[in-house]
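Chains as they are written, first to last, in the working numbering: chain S, 20 to 282; chain C, 20 to 282; chain D, 20 to 282.
If you are wondering where the hints come from, they were derived from the structure by calculation, not from laboratory data.
Note that the coordinates shown come from a computational prediction; the quantities given were computed from them, not determined experimentally.
Hints may be right or wrong, so weigh each one.
Identical copies go unnamed one by one, so any copy, or any two together, can satisfy a pair.
Stated by the list, open to error - Computed list of lysine-lysine pairs in DSSO-like fashion (alpha-carbon distance at most 27 Å, straight line):
no., residue 1, residue 2
1, LYS177, LYS198
2, LYS36, LYS252
3, LYS278, LYS252
Each chain is listed here by its residues.
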Amino acid sequence: MNIDTIISALHAVREQKPLVVNITNYVVMNNTANALLAIGASPIMAHSREEMDEMMSFSGALVINIGTLDSVWIPRMFAAVEHANHHNKMVVLDPVGCGASALRTQTSRQIAEAANKLIIRGNASEIIALAGEQGSSKGVDAMDSSDAAVGAAQYLAKTYQCNVVVSGETDFIITADRKVKLNNGHAMMPLVTGMGCSLSALTGAFAAVGEETGLAATVVFGVAGEIAAEQSKGPGSLQLNLLDALYLLDDATLISRLKMTTC
Amino acid sequence: MNIDTIISALHAVREQKPLVVNITNYVVMNNTANALLAIGASPIMAHSREEMDEMMSFSGALVINIGTLDSVWIPRMFAAVEHANHHNKMVVLDPVGCGASALRTQTSRQIAEAANKLIIRGNASEIIALAGEQGSSKGVDAMDSSDAAVGAAQYLAKTYQCNVVVSGETDFIITADRKVKLNNGHAMMPLVTGMGCSLSALTGAFAAVGEETGLAATVVFGVAGEIAAEQSKGPGSLQLNLLDALYLLDDATLISRLKMTTC
Amino acid sequence: MNIDTIISALHAVREQKPLVVNITNYVVMNNTANALLAIGASPIMAHSREEMDEMMSFSGALVINIGTLDSVWIPRMFAAVEHANHHNKMVVLDPVGCGASALRTQTSRQIAEAANKLIIRGNASEIIALAGEQGSSKGVDAMDSSDAAVGAAQYLAKTYQCNVVVSGETDFIITADRKVKLNNGHAMMPLVTGMGCSLSALTGAFAAVGEETGLAATVVFGVAGEIAAEQSKGPGSLQLNLLDALYLLDDATLISRLKMTTC
Numbered sequence: 020m021n022i023d024t025i026i027s028a029l030h031a032v033r034e035q036k037p038l039v040v041n042i043t044n045y046v047v048m049n050n051t052a053n054a055l056l057a058i059g060a061s062p063i064m065a066h067s068r069e070e071m072d073e074m075m076s077f078s079g080a081l082v083i084n085i086g087t088l089d090s091v092w093i094p095r096m097f098a099a100v101e102h103a104n105h106h107n108k109m110v111v112l113d114p115v116g117c118g119a120s121a122l123r124t125q126t127s128r129q130i131a132e133a134a135n136k137l138i139i140r141g142n143a144s145e146i147i148a149l150a151g152e153q154g155s156s157k158g159v160d161a162m163d164s165s166d167a168a169v170g171a172a173q174y175l176a177k178t179y180q181c182n183v184v185v186s187g188e189t190d191f192i193i194t195a196d197r198k199v200k201l202n203n204g205h206a207m208m209p210l211v212t213g214m215g216c217s218l219s220a221l222t223g224a225f226a227a228v229g230e231e232t233g234l235a236a237t238v239v240f241g242v243a244g245e246i247a248a249e250q251s252k253g254p255g256s257l258q259l260n261l262l263d264a265l266y267l268l269d270d271a272t273l274i275s276r277l278k279m280t281t282c
Numbered sequence: 020m021n022i023d024t025i026i027s028a029l030h031a032v033r034e035q036k037p038l039v040v041n042i043t044n045y046v047v048m049n050n051t052a053n054a055l056l057a058i059g060a061s062p063i064m065a066h067s068r069e070e071m072d073e074m075m076s077f078s079g080a081l082v083i084n085i086g087t088l089d090s091v092w093i094p095r096m097f098a099a100v101e102h103a104n105h106h107n108k109m110v111v112l113d114p115v116g117c118g119a120s121a122l123r124t125q126t127s128r129q130i131a132e133a134a135n136k137l138i139i140r141g142n143a144s145e146i147i148a149l150a151g152e153q154g155s156s157k158g159v160d161a162m163d164s165s166d167a168a169v170g171a172a173q174y175l176a177k178t179y180q181c182n183v184v185v186s187g188e189t190d191f192i193i194t195a196d197r198k199v200k201l202n203n204g205h206a207m208m209p210l211v212t213g214m215g216c217s218l219s220a221l222t223g224a225f226a227a228v229g230e231e232t233g234l235a236a237t238v239v240f241g242v243a244g245e246i247a248a249e250q251s252k253g254p255g256s257l258q259l260n261l262l263d264a265l266y267l268l269d270d271a272t273l274i275s276r277l278k279m280t281t282c
Numbered sequence: 020m021n022i023d024t025i026i027s028a029l030h031a032v033r034e035q036k037p038l039v040v041n042i043t044n045y046v047v048m049n050n051t052a053n054a055l056l057a058i059g060a061s062p063i064m065a066h067s068r069e070e071m072d073e074m075m076s077f078s079g080a081l082v083i084n085i086g087t088l089d090s091v092w093i094p095r096m097f098a099a100v101e102h103a104n105h106h107n108k109m110v111v112l113d114p115v116g117c118g119a120s121a122l123r124t125q126t127s128r129q130i131a132e133a134a135n136k137l138i139i140r141g142n143a144s145e146i147i148a149l150a151g152e153q154g155s156s157k158g159v160d161a162m163d164s165s166d167a168a169v170g171a172a173q174y175l176a177k178t179y180q181c182n183v184v185v186s187g188e189t190d191f192i193i194t195a196d197r198k199v200k201l202n203n204g205h206a207m208m209p210l211v212t213g214m215g216c217s218l219s220a221l222t223g224a225f226a227a228v229g230e231e232t233g234l235a236a237t238v239v240f241g242v243a244g245e246i247a248a249e250q251s252k253g254p255g256s257l258q259l260n261l262l263d264a265l266y267l268l269d270d271a272t273l274i275s276r277l278k279m280t281t282c
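Just chain S, same shape as in the assembly (with noise of 0.2 Å):
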């Protein structure tokens, strides 16, 4: 994959404004909807198992987050990747936290395995933690750099049928046969909540216009943040200038930007 196709996926996605239905944490819900509406798709923040039916139909994506994860929600987010399944659309799993629980690790490992069509994005703590690796999980804060989070996320490729994004410092594009290391982003990005989740988002929104590999997602979220990042001088700044770059962003400053090496 090349830029070429990177910037024709994200026209694609202002041109066909993609309905992605999101089933995620309640401290992201207005983030990652706004994200969305940012980048030119369509938000569903639905989850009820009476509707997630009609809703999979007629979407493109289904996003799940399990930040806010109980036993209330869990039974709707394997409901929602059953009608995904059956509407042959693709599954985002973001597993916040997995490690940092027994609960969380299971759940990630529950819903990979349910989903058919698969792309997991997640920091590199929760990477290697759900390829059952021994990492150094505390809290949902990545506690490991994403380089020593490749080796389980090309297991988790492997195992699942999968594509992976580990996303840091330095994000990780991992399918069964390549691996594509990127640079954009910003230090300041972290002290913001959900921003990985936001990601998830736009990578739901991405693999809705056909860009199933979480490359294009994670080089227009990693430009945008670290633009917003040069002009922001605290977190709260950062959270809507991260808005509005996604919003403004154009082929060429994501061609100027662009750090990204083929492995």
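Based on the hints, put chains C and D in the right spot on chain S.
Just chains C and D now, with coordinates in the frame of chain S:
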């Protein structure tokens, strides 16, 4: 209703600081509470059946927004409507995504049926679907123009003995015997999640001080949104500039910007 | 406690990045997580009983905010308090709307009773209602002055063997043997939802590094809020400027702005 009545209503909200109970969706709870505070009202976000009688006893209005409805929340909505009826308070219904699922359409109709005093505030697609006409609902964003929803709104006004606000590029306020058309607002507003939801919340605040048509809220929100969008380079800025604009809105600005036609 | 202790506590939060578990209300989950990140702490927003023992085992404090309580969430709050007790961690109780309904008053008292190590942070009306005095609670916004709540706060400090923060135009920090009065902050702060809730979250972060009176959090939040409000034309700007101000706050600014009186 003329501009003087609108301005009086705005003054009344700022002086009386009405309490407005909101059962709204997870995505917009923060925005709508902040919109109420910015205009001078006092939001209560509460849903527990155990306390709803007390809450409605000292509050001025109830706002019900079905954006993230499910089988746990729907009974809470009906319980709240009963208490609003008991205390003779206005119910503002925001039928988010009405038409996108049978559950949403059915629940919206049942709430409209249950409320004694009612204002409905929706986008064109939601109003059309609520009235049972053939619209083009897809997801939660409007796919129809407001003009196309006027007939449906008039049908709803008659059926439920209520007032109806159709918001969009053009807004319509429909009462039993009048139709008011507003052309304030800005094309960037739909790119921020929860704009309609915030308008519904404000509609509750104005109803609580006796302006029960939905007009003053729609004017204030449209003018503030227009000012905010002109100051914003993207939807991130718009979200915060809107709260500032609601807070700073003065009579002269309101008068000079108002684009209202009574039909 | 003097200014040096406050500054040491701020440095400790930034260096130790304490994990703080929050069971808080839907409205402010995003703000409070961002406030914790901006000051240098690491928020965990989790409520599931299945994982609470693990979460409390490696976290530094528990914040319980009853803002959108219901029969599903109340048992989760009690379960979390038990695990905090078991792991000898501080519980910060934010009794949102205490006095506005019997459910809120009763639940607040039961949580205060259950916690072994406790700080209570509320506005004047909530503190008065929690102590069982006759205040003027109406909704969730304070109707009483902080001065009127000092006696109630002292009663609570004695009854529950805890420290109490009464926040408002004037803040009071009440411990078993002292009363500290703070005059930082700004009149625009109550126009942003969740300001008190963010202060409660920060109180948890400071408790996690050993500052268990609530004073350092209240000073930091008041000074940052004051700076942010001076830079803001309305409550929308204030919300983001506050996060920036928390992030940028330095020792010299804190010292020069502090308005503290020990009685």
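Hint check:
Taking CA atoms no more than 27 Å apart as the test, LYS177 paired with LYS198 passes inside one copy only; the shortest distance there is 13 Å, against 61 Å between copies. Only between protomers do LYS36 and LYS252 lie at most 27 Å apart by alpha-carbon distance; the minimum there is 21 Å, versus 32 Å within a single protomer. For the identical chains of this complex, LYS278 and LYS252 are neighbours both inside a copy (24 Å) and across copies (26 Å), given an alpha-carbon limit of 27 Å.
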